[in-house]
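There are 2 protein chains.
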Amino acid sequence: MPFMTDEAAGRLATRSDAPVLAVDIGGTKLAAGLVAADGQVLVSDRALTTLGPDDDGDAIWERLHALCERVLDAVGRPAIQGVGVGCSGPMRWPEGAVSPVNLPAWRDFPLRQRLIEAYPGVPVRVHNDAVAVVVAENWRGAGEGVSNMLGMVVSTGVGGGLILGGRLIDGASGNAGHVGHMVADPNGPPCGCGGIGCVEAIARGPELAAWARAQGWRSEVTEAATTKELAEDARAGDKIALQAFERAGWALGVGIASSIALCDVGLIVVGGGVSQVGDLLFEPLERHLRTYARMGFTQNARVVRATLDQNAGLVGASAFILAGDRYWSAD
Amino acid sequence: MPFMTDEAAGRLATRSDAPVLAVDIGGTKLAAGLVAADGQVLVSDRALTTLGPDDDGDAIWERLHALCERVLDAVGRPAIQGVGVGCSGPMRWPEGAVSPVNLPAWRDFPLRQRLIEAYPGVPVRVHNDAVAVVVAENWRGAGEGVSNMLGMVVSTGVGGGLILGGRLIDGASGNAGHVGHMVADPNGPPCGCGGIGCVEAIARGPELAAWARAQGWRSEVTEAATTKELAEDARAGDKIALQAFERAGWALGVGIASSIALCDVGLIVVGGGVSQVGDLLFEPLERHLRTYARMGFTQNARVVRATLDQNAGLVGASAFILAGDRYWSAD
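Chains as they are written, first to last, in this note's numbering: chain E, 1 to 331; chain G, 1 to 331.
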């Protein structure tokens with residue numbers, strides 16, 4: 001069921017500028033919400049992305065559409081000023097034809113076109129889900145007011161986004177911000193992208209536990225242990241578990257050092273599930289970063305933790321509409 | 001003596017839009033020129049930056065000022081619409097207080113302020129010399145019309161500049177584009193910047209010959225051999241010389257792969273003295289780049305050679321004034 005606080009309902013009733021329908025699409029969860037012009041999430045709801053392997057592309061679309069309708073119904077179907085979407089990549093951008101790696105039923109799926117047909121007469125803007133989270137952190141989070149910033153989402157994968165000169169950077173094909181596929185170690189492990197030694201190949205959540213298990217950590221346990229259990233063991237002094245975070249922090253530190261050199265970002269905001277282990281990751285990250293970033297301007301760059309909650313994706317998606325002067329270049 | 005063609009003199013006499021005084025300052029050479037609004041260099045002249053270790057900061061400034069006066073005198077002292085400068089870094093930007101690594105007599109030298117006093121009433125804009133070369137390639141060279149481009153200058157050092165969203169990227173402190181200090185090999189050799197395994201530490205010109213000599217190349221010759229001789233030997237089949245270019249191409253390929261992932265640049269323009277060896281460098285560069293850049297959008301990026309001549313620095317410096325909407329953000 002959609003959830004809305006009394007305070008949020010009051011704000012919606014009294015404001016004259018229309019809210020944005022915001023959508024966040026991941027491999028496992030869909031989220032939709034209405035976001036007010038000041039970035040407050042007025043109402044939101046969630047659903048599973050797929051119910052099983054037989055789900056086809058249209059079934060997923062119908063589930064997403066029904067979710068959007070539910071949040072609109074929950075607040076009396078107000079007029080909206082646009083639809084903003086963060087969706088797992090890759091995609092053709094800005095066309096918004098999406099092919100999420102973790103959602104095989106959608107291949108070149110015309111997500112933006114479907115949304116235009118469902119919500120005619122308003123702009124519909126679709127971008128990468130990690131980019132949406134980074135935009136949220138720049139608009140209303142840890143990077144508010146910062147003109148040159150790299151945002152990272154360290155989770156199942158390692159995604160990101162770039163804000164330079166006060167604007168979201170899209171790049172030649174809308175794919176700027178793939179910090180997870182910068183090379184951390186050219187002699188490192190193969191990456192799912194086909195490359196070698198990418199930051200993601202070393203620092204993504206599943207790789208931390210997999211690497212630790214390969215070193216003998218919890219080898220007697222048959223079910224897959226998670227980053228959370230790895231963190232618990234590291235805090236208890238398990239050497240392999242500690243080394244797993246050391247290794248991830250090293251890869252992230254190298255990638256961040258290279259990002260600062262190339263883009264002169266003054267701030268790096270790091271979020272995502274793996275980042276929630278805190279100092280276990282940030283201490284080695286910071287230490288290795290300072291080994292590689294030695295020029296004056298690179299030494300001045302700061303690494304901070306993301307501050308927004310699980311609604312960050314919705315807030316960022318809404319900013320493609322609500323703060324399009326900074327976060328949307330494609331129209 | 002300044003040099004001006006009859007054709008250039010005619011163009012200057014008939015055009016109504018005033019030229020720009022352009023200055024290019026390196027560790028060994030000073031260049032000054034007048035550049036017409038269409039980017040043509042109307043007149044230019046060169047001088048040594050220092051005449052000896054006793055040269056103090058003011059002596060260097062006087063030499064530069066005299067050089068500027070000579071090029072102005074050569075064409076009858078026309079009105080200028082501004083002064084554009086590319087200067088070796090680092091510097092405080094946009095203040096234009098410069099501390100070129102190879103010019104110890106200038107430390108926080110108020111170059112921009114001196115030029116403002118010498119040429120009052122017009123804008124004076126000072127930026128990094130490698131950035132100026134990259135701007136020139138984007139404005140009138142191999143990257144003309146390209147909105148998302150990385151430019152590299154592979155020479156005594158490895159410098160660069162970033163064009164994203166059709167604009168020069170400056171970063172938080174005017175230092176964006178330091179591709180030479182991205183990490184190519186986190187277990188690699190120390191870099192002059194204090195870091196480890198930077199692209200520049202492996203691919204800069206002097207390192208190629210130094211590495212080859214350490215492997216036994218021309219070890220019987222006492223004087224330092226250059227990149228040019230290394231290239232001659234590589235073309236003759238010398239295995240160490242070939243391996244030196246292979247190694248440099250690898251470091252450049254890794255750095256470029258990371259740059260594409262982060263910034264989604266569709267074009268990479270590579271210039272500078274070392275790049276003039278041609279395929280010896282570009283073949284391994286391209287081969288290694290393709291090993292690391294495996295996602296669709298990264299595979300689409302192209303590497304090309306710079307097309308402008310030694311006047312590129314002057315042309316780019318003039319673009320800080322003549323195309324300030326794209327190449328100057330600081331006013």
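Please keep in mind that the hints were generated in silico from the structure rather than gathered at the bench. Just so you know, not all the hints are guaranteed correct.
Every beta carbon over 12 Å from chain E, so not counted as near; a handful from chain G, in silico [said to hold, decoys possible]: (1) 192; (2) 213; (3) 219; (4) 221.
Listed next, the stretches of chain G that the computed footprint assigns to chain E, with coverage defined by at least 3 CB atoms under 8 Å from CB atoms of chain E [claimed, not checked]: (5) 129 to 142; (6) 248 to 262.
Note that the coordinates shown come from a computational prediction; the quantities given were computed from them, not determined experimentally. Idealized CB from N, CA, C, for every residue including glycine.
Structure-based check of all given hints:
1. 192: The assertion about residue 192 (chain G) is violated, with a minimum of 10 Å to chain E.
2. 213: For residue 213 (chain G), whose nearest Cβ neighbour in chain E is about 24 Å away, the distance exceeds 12 Å, so it holds.
3. 219: Consistent with the label, residue 219 (chain G) stays out of reach of chain E, its closest Cβ about 28 Å off (over 12 Å).
4. 221: Since the minimum Cβ distance to chain E is about 32 Å, residue 221 (chain G) lies beyond 12 Å and the statement holds.
5. 129 to 142: With 0 residues in contact (Cβ-Cβ under 8 Å with chain E), the coverage given for the region 129 to 142 of chain G is violated.
6. 248 to 262: holds (count 8)
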